[in-house]
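Protein chains in written order, with our numbering: chain X, 6 to 269; chain F, 3 to 131.
Do not take every clue at face value.
Computed beta-carbon distance windows for the label pairs [to be verified]:
no., chain 1, residue 1, chain 2, residue 2, range
1, F, Arg63, X, Val185, 34 to 44 Å
2, F, Met3, X, Ala225, 34 to 44 Å
3, F, Arg48, X, Lys143, 41 to 51 Å
4, F, Arg63, X, Glu90, 31 to 41 Å
5, F, Asp87, X, Asp155, 40 to 50 Å
6, F, Asp26, X, Gln204, 10 to 20 Å
If you are wondering where the hints come from, they were derived from the structure by calculation, not from laboratory data.
Here the structure is a predicted model, which means the values were calculated and not measured.
Even for Gly, the Cβ is constructed at its ideal location relative to N, Cα and C.
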Amino acid sequence: MERRDIRADSPTEKERGFMPAVSINPGRLLFTAGMTGRQSDGSMVEGGMGPQTQRTFERLRAIVERAGGSFEQSIKQMLYVTDLEAYYAQGRAARTGFFQQSRPASTGLVVRRLADPAMLIEVELVVDLQEPPQGGFKLEKFDVEAHGLDFFQGVMVNGGRLIYLAGQVANNPDGSVAGVGDLSAQAQKVYDNIGYVLQAAGATAASAVKETTWTLDLEAWREHGTPVRRAFYQGDFPASTLVEIPGLARPEFLVEIEVIAAVA
Amino acid sequence: MAHTAIVSEQAKPVANYQMATRQDSGRLVYISGQVAWDAAGNTVGRGDIRAQARQVFQNLRQVLQEAGGDLSDLLKMTTYVTRIDDYPTVVEVRQEFFPDGLPASTLIVVASLFHADWLLEVEGMAAIG
């Protein structure tokens, strides 16, 4: 719905394919999960950054098209890479072809590790489907591949209002840190806090549209965090991204989770 | 204001930010990660976190103003730093730009940003109008 590109003539972002900001009147929005160069059999595509970037955007395109949209309608792009030199050498060129002349708002980060150590790039998109809402408020969660993992590849928000949660950490109401040195306890506390905040907003776990999990140790998160996460969402997962980073705001924090939700 | 702060008694923020915000009306604005670029595209404050933070928050404010709003319209912001030791300085500078407190907020330490000279990057979403 009537997109406005902000500072579209900015000399800095222009040559890099980004827009400083994009403004829309939200009607129907698509949030994708973080996508990577994974193939249908679960293995990574061969050949490093170039082929992984190509594959990543092909998979994103399938999600966007399934939602009835196109790449040109992307309003935000989030790029996570583990090897910046390889991205500049091979990844960026592979990316450019998909967007043609359009430019989304964008953030690029170098993280320590993605879900699989062989993954060099992960990308997520927010897409304005440029349609008015169809009927009442509704979330439509879907997959374009049978991946069997704990997330949906795309979530469409039809009407309603968006809720942006701060990154949630294992803090008690008095400001102290819960579960110091204990990832299971921190995971429980983080999801308790997410639940409380969603409840205060008139939402539930099922209202979650997009989730980003920032962890200091991805393997430990898989072991200790995943059971807590499954119990929280009960199968009604959001589109998700999981990355490993070197630090959070306090040294005691082992994980931080951000959620975007939507309500009527 | 096109948004409402969400307050929970059971889950409280660890600093002066909101736990969540809800967009109630207006246009939704997604803002790229802002770095310490001046208008000509030169990185300012090489090695100087305070100078970079000032530039970044100025850029963020400018983008919002050109979208017809201001920093107070932010729903959420995410601050990425490359060195956790820079965090107190970032908070200090940020305070100058947000005297009345922050929107929903996240801080993450990343391995690096997309240029070796950049020490922080801040992105956000806003509801304007």
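Hint-by-hint comparison with the structure:
| no. | hint | in the structure |
| --- | --- | --- |
| 1 | Arg63/F with Val185/X: 34 to 44 Å | holds (37 Å) |
| 2 | Met3/F with Ala225/X: 34 to 44 Å | holds (40 Å) |
| 3 | Arg48/F with Lys143/X: 41 to 51 Å | holds (49 Å) |
| 4 | Arg63/F with Glu90/X: 31 to 41 Å | holds (33 Å) |
| 5 | Asp87/F with Asp155/X: 40 to 50 Å | violated (35 Å) |
| 6 | Asp26/F with Gln204/X: 10 to 20 Å | holds (18 Å) |
The structure does not agree with numbered hint 5 stated previously, though it agrees with all others.
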